[in-house]
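**Student:** As a plain string of letters, each chain reads:
2 protein chains.
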Amino acid sequence: MRDVAVIGVGMTQFGELWEQSYRDLFVEAAVAAMRDAGVEKIDSMYVGCMSSGLFVGQEHVGSLLADYLGVAPIPALRVESACASGGAAIRQAYMEVASGMADVVLAGGVEKMTDVDGGMATYALATAADAEYEGFHGATFPGLYAMIAHAHMQKFKTTSEMLAHVAVKNHANGSLNPYAQFPAKITVEQVLGSTMVADPLHILDCSPVTDGASAVIIAPVELAQKLGKPAIRIIGTGMATDTIALHSRKDITRLNAVEVATKKALEMAKLKIEDINFAEVHDCFTIAELVVLEAMGVYKRGHAGPATVEGETARDGKFPVNPSGGLKSKGHPVGATGVAQIVEIVKQLRGEAEEGRQIKGVKRGLAQNMGGSGGSSVVTILEGE
Amino acid sequence: MRDVAVIGVGMTQFGELWEQSYRDLFVEAAVAAMRDAGVEKIDSMYVGCMSSGLFVGQEHVGSLLADYLGVAPIPALRVESACASGGAAIRQAYMEVASGMADVVLAGGVEKMTDVDGGMATYALATAADAEYEGFHGATFPGLYAMIAHAHMQKFKTTSEMLAHVAVKNHANGSLNPYAQFPAKITVEQVLGSTMVADPLHILDCSPVTDGASAVIIAPVELAQKLGKPAIRIIGTGMATDTIALHSRKDITRLNAVEVATKKALEMAKLKIEDINFAEVHDCFTIAELVVLEAMGVYKRGHAGPATVEGETARDGKFPVNPSGGLKSKGHPVGATGVAQIVEIVKQLRGEAEEGRQIKGVKRGLAQNMGGSGGSSVVTILEGE
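Protein chains in written order, with the working numbering: chain A, 32 to 416; chain B, 32 to 416.
Keep in mind the hints are simulated off the structure, nothing from the lab.
A couple of the hints might just be wrong.
Identical copies carry no separate label here, and so any pair may be met within one copy or between two of them.
Quick list of in silico lysine-lysine cross-link-like pairs, BS3-like style, CA-CA up to 25 Å [unchecked claim]:
| id | residue 1 | residue 2 |
| --- | --- | --- |
| 1 | 186 | 281 |
| 2 | 72 | 295 |
| 3 | 72 | 257 |
| 4 | 301 | 216 |
| 5 | 294 | 72 |
| 6 | 331 | 72 |
Kindly produce the complete structure, drawing on both the sequences and the hints.
**Tutor:** Put into C-alpha cells, the structure is as follows:
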C-alpha cells in the first residue's frame, strides 16, 4: 500500500444555515478543499451522511453531490455509520488511494438537520440506536448517554462538575474558532444551572443540532510533494463495532469499539497512545469525551474527569483535546463531524489554526469519531512533516 | 493489488416476507455465504442498503448487522448509492481485499420494503431521484422510466411488444429460480393487457417491491485455493455517476454512467464486451434492460429491442441476459439486488445454477447495477476457473 496524505481541507460555517441547502453546503466545503489542495480534478469521492432520507428526503447523495460539484462521471459513494459516517468516508478514501485504485480522492461529510422540527430531529438521531428495542421504548440519545453518565458516576465517583468542565473547556476552544456554531465562552455554573435534558445531562452537556459540511482531499504523498503542499500523512486507521444497543453490553461505561479502533490505528502506525500529541474526540455529550479518553487509554478508567478539571486536556495542557471546540461548541452536523475533525488536525499539524487556537510543537494528532452510543467508531492518526 | 475472488455466496428467498425482520434477512444470507465459503470468521463487512431510515426507521445498520451476525467488533459499514448500493458494497469489499487491508470480507445487501404502505414505498424509492426537482414535481420511478421509454420509442421505433419480450424472457428464467418472488411464466399478451402504471409501462413492465438479502464472501485468490473452493475472480470493477435528474441530460435514452462504468471495468479486465459470455443487468423496468444493453455496447443503439424479440438474450441465445430472472421476476429488494447479481454469476460460473437455468460453457459474466434513473452505476466482471 502507498503512503497517503491529506493535501487539502475545507469546511462551511457550522450552524443553523437557513439560506443554504444540503447540496450548497457540500459543494462549498468540497470546493474549499479542492482550492486548498490546488487540484482541479478528483478521481473519486466519498460522502459521509447519516440520514439524508429522514432529514431532507433525499437518498442517492453520492450521485447528487458529484453532479452539483460538477465532477460526474467519477465514482461517488455515500457511506453511513451514524455519527461516525464522516470518519468512515476518510477511511474508505484512504483505502482507495493506498490501494492504487485512485490518486486524488475527496472525502466529505454533510448533514442538514435544522429543516425538520425538533421531534423529527430526535427521531432521526434515534435511528442510530437499536430502533426495534431502544427506539420503540422511547430511548433518545440524551437518554442513552445519561445512562452511561449515571453508571460512570456510580462506578468512578464522576461528578456533574467534572462533566461541566468538559463543556467549559470545549467552548473556550470554540470561542476562537470562526466556524463554530456556539462560540460563546461558558462557566461551570452556567452548565450546572442550565435546563436538565436527561438527568444528569443539562442542555449545556449536549452537542447541538447543526447544518454543515466538511471535506478533505486525500492523495499519495508523492503528489503532495509534487504540488508543493505540506503532506499530512495518514499513518493509522482503525474501525470497530460493538453491540448497537446499550442493554447488550456487560459494562456500559466501557466503549469497546473505541478501544479496538484505537488499538488497530496505533498498531498500524506502530505507535503508543503516549506518542500522540493531541486529539479531536467525539464529545456528542460531555460524558462521551471522558469515556472516550478512557477507552483510548489516554487515562485510566475514572481518571479522565479529574484530569479535565486539572486542565490537562485544555489547549495548553499535557494532552489537548478538541482544540476545535469539539462537537459541543463547534456543532455536530452528524455526517460532517468526522471529516471536520480531520480538518482541525490538519490545520494544527500545518501550524495554520486560527489565532490563539494553534497548539505549539504538535507532530501527531488523532481523530476519534463515534456512531450512536458507541456501536461503531473510527480512529484516524495523522502525522505532520 | 492482489488477485481477488468470490469464495462464497448466499441469499434469502425474495418476496413479501412478513415473518422475517430486516436483521433476520441479512443474517440468513450472511450465514449462508459464510457456510458456502467454509469460513467461520470475517475481517470486515459492507452492507448495501438504500433507505433503511425510511423503510424500517433504522440507520447505523453496519453496526446493527455486525452485532446480530455475532461478528462485532469487526469494521462494518453501510454503503448507499440508491439501487446500486449492493454493487457498491461489492466494489468496496473488492478494494479492501485487493489493497491488503483485510483478507476475508463480506459484502451483503438488504432491504425490507413491504412493512410500509405503498405510498411510503413509492416516496422512499423516489428519494433516489432529485428530491428538490423531480420529487417535488411528483415524478416517481415508473414515471421517469416511462419518459425514457417514450423517448426511446420515438427515436428508435422501439415498441411495447419489444418491452414485453424483456419481461417474458426474464419470467421464463425466473420460473426456474427457487429464490424468485414472481416465478410465474407470462406471455406478451399478458404484459400488454396488464394495468398501465405510467404509459407506456404496464405493471408487468415493472420490477416489484421486495424484501430480501444477499451476501458474498470476498478473499484473496490464494485463500480460495487453500480452502479448496472454486476461485471466481473479480477481474474488473467500474463505478460511475451521471446527473441525478433526467432533465439535466442531453439525451435521456443514453445512460452515461453505465457506459463509463462498463468501459472502466472492461479496461481493468483488459477485455472487450465481446469477451463476456452473459450478464445480469438492472431491469428495474423492461426499458431499462434495453438501454443498459445499448450503453454497455452489447447492442448498437436501438438494436436491443429487436434482438430481444429474436431471442438473442434468452438463456440459450447468443448473449444470455438475466438468467436469474432479473429484478423483474426474481424481485428487487433494492440494497440486495447488486449483491444478488453476483450470487447468480458465481453460481453460473461454478456450474451450480439450479436445474434448467445453467448456461453451458460460460467463462465470464458481467453484473450491471444501477442507481436511480442512471445517476450511478456499478459494473463488475467475474471470471471462472
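**Student:** Checking each numbered hint in turn, tell me which of them this model violates, lowest number first.
**Tutor:** Hints 4 and 6 contradicted; others consistent.
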